[in-house]
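Asks: Below are the chains, spelled out letter by letter.
Number of protein chains: 2
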Amino acid sequence: MQLNLSTDIALRTLIYLGQKDGPATITEVSTAFGIAKTHLMKVVMTLVAQELVISERGRNGGIRLARDAAKIRIGDVVQTMEPTMALVYCMRPEADESDCPLLPNCKLKKTFAKAQKTFLAALNESALSDLLPARPLKVKA
Amino acid sequence: MQLNLSTDIALRTLIYLGQKDGPATITEVSTAFGIAKTHLMKVVMTLVAQELVISERGRNGGIRLARDAAKIRIGDVVQTMEPTMALVYCMRPEADESDCPLLPNCKLKKTFAKAQKTFLAALNESALSDLLPARPLKVKA
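Residue numbers (my numbering), protein chains in the order written: chain U, 156 to 296; chain B, 156 to 296.
Same shape as in the complex, but just chain U:
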């Protein structure tokens, strides 16, 4: 039970941006978390597309949060970033009875859908602002 690495990076990038006064560069964030710049850039592109992050060009440019950290819910970030929310086969839209005789009335599906809803609701109790460190991060240059 592991989230996609991109979701993990997205969450940490958002925390980084939330604790920072002013925009950050891709190099800075990739150095802070020891993440490949190419991977981070892909994640940031998704965060920009999802209107969670703003990317600005120019001398004082960089990336920053698109909205207040109190308005970014953790469960929503997970749901946005994960490539699939289908915990088990029967939760996939393409799941077909010919592949699994437990369908169409799969109780597994309902049980997992309900537990996932609980999971996301528990995460949504926290906003990004709740996860920010008390002091700005000390990052190796």
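Everything labelled a hint here was simulated from the structure, so no lab data went into it. Don't take each hint at face value.
Pairs involving identical chains hold if they fit within one copy or between any two copies, as the list cannot separate such chains.
Claimed, not checked - Simulated pairs of lysine-lysine, DSSO-like, Cα-Cα distance not exceeding 27 Å: (1) Lys262 with Lys226; (2) Lys272 with Lys175; (3) Lys175 with Lys265; (4) Lys269 with Lys226; (5) Lys192 with Lys269.
We have chain U; now place chain B onto it with these hints.
Replies: Only chain B this time, still in chain U's reference frame:
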């Protein structure tokens, strides 16, 4: 957010065994779910090691549940089968401050640990007996 394929197979194998009157063969279960026999055998070995399934040799042998379906909790199966429960990097035992400046006091970790607990508790509200189909499965020979 997707469980490991082995966990998915384990859950469906347990449901299959729970609805069946008498032992099942590996061939039978692999045919029912269109799963490779080699993969299913690995999963069954784990289920046997975890005392969820019994494997018996001989003419009337095969695999069957090691205990009553009412005594097998779904969250426990997930926790047993998943190779890792570390949803995010900071939940890994080897997580180190040199890799992530958010550690050692990572609030992300606490938030996810709490949500995961809720998820497993929701799954544990269901026993395998709750997921069994009302009628025995119709499986292609």
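Asks: Each hint needs a verdict: does it hold in this structure or not?
Replies: Results for each hint:
1. Lys262 with Lys226: between (35 Å within a copy, 17 Å between copies)
2. Lys272 with Lys175: Neither: 32 Å inside a copy, 31 Å across copies.
3. Lys175 with Lys265: between (41 Å within a copy, 22 Å between copies)
4. Lys269 with Lys226: both (25 Å within a copy, 21 Å between copies)
5. Lys192 with Lys269: neither (37 Å within a copy, 31 Å between copies)
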